[in-house]
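Colleague: The lines below spell out each chain.
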Amino acid sequence: DTGVSQDPRHKITKRGQNVTFRCDPISEHNRLYWYRQTLGQGPEFLTYFQNEAQLEKSRLLSDRFSAERPKGSFSTLEIQRTEQGDSAMYLCASSLDILGRISYEQYFGPGTRLTVT
Amino acid sequence: AQSVSQHNHHVILSEAASLELGCNYSYGGTVNLFWYVQYPGQHLQLLLKYFSGDPLVKGIKGFEAEFIKSKFSFNLRKPSVQWSDTAEYFCAVKKLVYNQGGKLIFGQGTELSVKP
Chain A
1 DTGVSQDPRH KITKRGQNVT FRCDPISEHN RLYWYRQTLG QGPEFLTYFQ
51 NEAQLEKSRL LSDRFSAERP KGSFSTLEIQ RTEQGDSAMY LCASSLDILG
101 RISYEQYFGP GTRLTVT
Chain B
1 AQSVSQHNHH VILSEAASLE LGCNYSYGGT VNLFWYVQYP GQHLQLLLKY
51 FSGDPLVKGI KGFEAEFIKS KFSFNLRKPS VQWSDTAEYF CAVKKLVYNQ
101 GGKLIFGQGT ELSVKP
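Just so you know, the sequences run in chain order A and B. If you're matching positions, the first sequence starts at 1 in our numbering and goes up one per residue. If you're matching positions, the second sequence starts at 1 in our numbering and goes up one per residue.
Derived by calculation from the structure, the hints in this document are not laboratory data. Bear in mind the structure is a predicted one, so any value in this text is a computation, not a measurement. Accuracy of the hints is not assured; some may be wrong.
As the list claims (entries may be wrong) - Straight line, CA to CA, 30 Å or less: simulated DSBU-like cross-link-like pairs of lysine-lysine:
| id | chain 1 | residue 1 | chain 2 | residue 2 |
| --- | --- | --- | --- | --- |
| 1 | A | 57 | B | 61 |
| 2 | A | 71 | B | 95 |
| 3 | B | 49 | A | 57 |
To be verified - Listed next, with one range per pair, are the computed distances between beta-carbon atoms:
| id | chain 1 | residue 1 | chain 2 | residue 2 | range |
| --- | --- | --- | --- | --- | --- |
| 4 | B | 41 | A | 71 | 39 to 47 Å |
| 5 | B | 113 | A | 38 | 38 to 46 Å |
| 6 | A | 81 | B | 18 | 44 to 52 Å |
| 7 | B | 115 | A | 51 | 29 to 37 Å |
| 8 | A | 60 | B | 7 | 40 to 48 Å |
| 9 | A | 80 | B | 77 | 43 to 51 Å |
| 10 | A | 71 | B | 113 | 28 to 36 Å |
| 11 | A | 8 | B | 58 | 22 to 30 Å |
| 12 | B | 116 | A | 55 | 31 to 39 Å |
| 13 | A | 66 | B | 68 | 35 to 43 Å |
| 14 | B | 58 | A | 12 | 19 to 27 Å |
Where a beta carbon is used, it is the ideal one built from N, C-alpha and C, also for glycine.
Isolated chain A (complex conformation) (with noise of 0.2 Å):
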C-alpha cells in the first residue's frame, strides 16, 4: 500500500463539460475527505465520508457537484457544467476513524489539477 491515490492527475476541460474524479484511500481507512485548493490559498474542506455515507457537505460544494463512495472504498468527484472558477486542486485525504471518537491523521493523495478553459 503506497498511500493515497488520485486520477487523473491532470483535466483540461471546456467550460459547460462534465468531469469526474477518483479517489483511492488508504486500505482500511473509513474515513474519506475532498478538499480544493486554489493558487495561494491552503486546502478547502468540500466534504467526506465515512464509510459509504456522506456525513457532511460544504457550502462551498454547489448542486454541479456530487461525490460518491458507493462501497466504502474509492470515491468519485463529479463537477458538472463546470465553470472557470471550477479551476483548482483538488485533494483527497483519508483518515482511520476509531469508534466515532478519535479521528487520527488525515494522509492526503497528489490531487487532481483540474484546468476549464
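Fit chain B to the given chain A structure using the hints.
Modeller: This is chain B only, laid out in the frame that chain A set:
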C-alpha cells in the same frame, strides 16, 4: 466562523538560520492541531501533530511546535534550516466534537525559501 491564520505568506532565510512560523486559530473548544508541508511537486505530508499532553511536540526533520492554549497558537520552529526545507507549510485545525466532522481547517500557507 472558525479560522486559521498564518502570519507570513513568504519567508526567506539563509541556511542555518532559525525558523519560526506563526499560526493562530479561532475556536474555543478542544482541538487537534497539525502542520503539513508541501515540497515542490509533491503532495501534502504531515510534519507534526498535537492531540493532547505535552504542548511541545516534535515532528520529522527536526521540526517542533508549541501549543499555547491561552494564545490559541501553534507555532512551528526549527533551530537551523536547510535548503531542503524549501516548501510551503500549512497549519491546520480540527475541532473535536463527538461523532462529528474530522474536517481540517487550513491556514493560507507560508512559503519558505531557504537560500544555500
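Colleague: Confirm or reject each hint.
Modeller: Hints and how they fare:
1. 57(A) to 61(B): Between residue 57(A) and residue 61(B) the Cα gap is close to 35 Å, so the pair fails against 30 Å, i.e. violated.
2. 71(A) to 95(B): Holds, at roughly 27 Å.
3. 49(B) to 57(A): Holds: residue 49(B) and residue 57(A) sit about 25 Å apart, inside 30 Å.
4. 41(B) to 71(A): 39 to 47 Å: 32 Å, violated
5. 113(B) to 38(A): 38 to 46 Å: Since residue 113(B) and residue 38(A) have Cβ atoms about 21 Å apart, the given range 38 to 46 Å is violated.
6. 81(A) to 18(B): 44 to 52 Å: 50 Å, holds
7. 115(B) to 51(A): 29 to 37 Å: Hint violated: Cβ distance 48 Å, outside 29 to 37 Å.
8. 60(A) to 7(B): 40 to 48 Å: 25 Å, violated
9. 80(A) to 77(B): 43 to 51 Å: Since the Cβ atoms of residue 80(A) and residue 77(B) sit about 45 Å apart, the hinted range of 43 to 51 Å holds.
10. 71(A) to 113(B): 28 to 36 Å: 44 Å, violated
11. 8(A) to 58(B): 22 to 30 Å: Because 37 Å falls outside the window, the suggested range is violated.
12. 116(B) to 55(A): 31 to 39 Å: The hint (31 to 39 Å, Cβ to Cβ) is violated, given that residue 116(B) and residue 55(A) are roughly 47 Å apart.
13. 66(A) to 68(B): 35 to 43 Å: Given a distance of about 41 Å, which is inside 35 to 43 Å, the answer is holds.
14. 58(B) to 12(A): 19 to 27 Å: Because 42 Å falls outside the window, the suggested range is violated.
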